[in-house]
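We have chain A; now place chain B onto it with these hints.
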Amino acid sequence: AQSVTQLGSHVSVSEGALVLLRCNYSSSVPPYLFWYVQYPNQGLQLLLKYTSAATLVKGINGFEAEFKKSETSFHLTKPSAHMRDAAEYFCAVTSIQGAQKLVFGQGTRLTINP
Amino acid sequence: GAGVSQSPSNKVTEKGKDVELRCDPISGHTALYWYRQSLGQGLEFLIYFQGNSAPDKSGLPSDRFSAERTGGSVSTLTIQRTQQEDSAVYLCASSGTGVSWEQYFGPGTRLTVT
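Which chain is which? The protein sequence lines are A and B, in order.
For the record, in the first sequence the residue sitting at position 112 is 112 according to this note's numbering, with numbers rising by one throughout.
For the record, in the second sequence the residue sitting at position 114 is 1114 according to this note's numbering, with numbers rising by one throughout.
Next up, chain A with everything else stripped away, as it sits in the complex (with noise of 0.2 Å):
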């Protein structure tokens, strides 16, 4: 079985300051991860996926994610935040055996005060 926390519910940075969501998982096969962002009324969209290559994993606006097996951690972080960073922030865990359903944690609601 799989299982994703994320630790945080609300995160509120100012404008500039450091970005970071924290995401644990939980996995009996070695596991592959996301990280989704959704803004108001859309769908999800893939910042950055881990899939057993380079364990710091580059991803799209800025941000990147850091694969720590030790810690079973896959936290997402942005240097310096911008306004349109808010909004909803998915972490999920699937089996590296081949294309098979999404395990979400609970989301981040990440808030950008100026």
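Source of the hints: derived by calculation from the structure; they are not laboratory data.
Backbone N, C-alpha and C fix where the C-beta goes; we use that ideal spot for every residue, glycine too.
A few of these clues could be false.
Quick partial rundown of chain B residues pointing at chain A, CB under 7 Å, derived from the structure [as the list claims (entries may be wrong)]:
1. G1042
2. L1043
3. F1045
4. Y1048
5. F1105
6. G1106
7. P1107
8. G1108
No farther apart than 20 Å at their CA atoms in a straight line, the calculated lysine to any residue pairs in the SDA-like style are these [as the list claims (entries may be wrong)]:
9. K58/A to Y1104/B
10. K1011/B to G43/A
11. K68/A to V29/A
12. K1011/B to P40/A
13. K1011/B to Q42/A
14. K58/A to E1102/B
15. K1057/B to Q2/A
16. K1011/B to N41/A
17. K1057/B to S95/A
18. K1057/B to S3/A
Label-pair restraints from in silico Cβ distances [unchecked claim]:
19. T5/A to T1076/B: 30 to 36 Å
20. G1040/B to M83/A: 27 to 33 Å
21. R1110/B to S12/A: 25 to 31 Å
22. N41/A to Q1080/B: 26 to 32 Å
23. T5/A to G1051/B: 31 to 37 Å
24. K1015/B to L20/A: 40 to 46 Å
25. K1017/B to N113/A: 41 to 47 Å
26. N1052/B to T5/A: 35 to 41 Å
This is chain B only, laid out in the frame that chain A set:
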């Protein structure tokens, strides 16, 4: 090319009525997924189709829910005798072949059961 499309974007129905939600995946994608997003339950997997294989229905919450995929392309999710707890956003995703099994999401159908 075009992304995943879903129709209708919004659906309001009376309790007890049947509804059909449609998903058009990205052309050439062999895998298709349905998820449900609701306030209380977050993002939940419902059903997964892969090529001509039997679908994975393990996420369907009750036998009132069913889905089919015709010709390996368009999919319809049917909810019979709708209940108020069925109110949610229903998201469809598709993915192609390859090592990452990256899922692309549609904008969703917002279902409201009155």
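Practice problem: For N41/A and Q1080/B, compare the CB-CB distance with the range 26 to 32 Å and indicate the outcome. | Solution: At 27 Å between Cβs, range holds.
Practice problem: Could you grab the alpha-carbon distance between K1011/B and N41/A and see if it respects the 20 Å cut-off? | Solution: Measuring from Cα to Cα gives roughly 14 Å; hence the hint holds.
Quiz item: Against chain A, with CB atoms and a cut of 7 Å, does the hint on F1105/B hold up?
Solution: 4 Å, holds
Self-check item: Residue hint G1108/B, partner chain A, criterion CB-CB below 7 Å
Solution: 5 Å, holds
Practice problem: Take a quick look at whether K58/A and Y1104/B sit within 20 Å of each other, Cα to Cα. | Solution: 18 Å, holds
Practice problem: Using Cβ atoms only, decide whether G1106/B comes closer than 7 Å to chain A, and label the hint accordingly. | Solution: 5 Å, holds
Quiz item: Quick one, is the L1043/B hint okay against chain A at 7 Å, beta carbons?
Solution: Interface hint status for L1043/B: holds (4 Å vs cutoff 7 Å).
Self-check item: Restraint outcome when P1107/B is required to lie within 7 Å of chain A by C-beta distance
Solution: The hint holds - P1107/B has a Cβ within 7 Å of chain A, the shortest such distance being about 5 Å.
Quiz item: Between K1011/B and G43/A, does the CA-CA distance stay at or below 20 Å?
Solution: Between K1011/B and G43/A the Cα gap is close to 16 Å, so the pair holds against 20 Å.
Quiz item: Between K58/A and E1102/B, does the CA-CA distance stay at or below 20 Å?
Solution: Since the Cα atoms of K58/A and E1102/B sit roughly 15 Å apart, the hinted pair holds (cutoff 20 Å).
Quiz item: Can G1042/B be said to touch chain A, with a Cβ gap under 7 Å?
Solution: Because about 5 Å separates G1042/B from the closest Cβ in chain A, which is inside the 7 Å limit, the hint holds.
Quiz item: Holds or violated: K68/A with V29/A, Cα cutoff 20 Å?
Solution: Holds, because 15 Å separates the two Cα atoms, which is no more than 20 Å.
The structure is consistent with each of the numbered hints, conforming to all of them.
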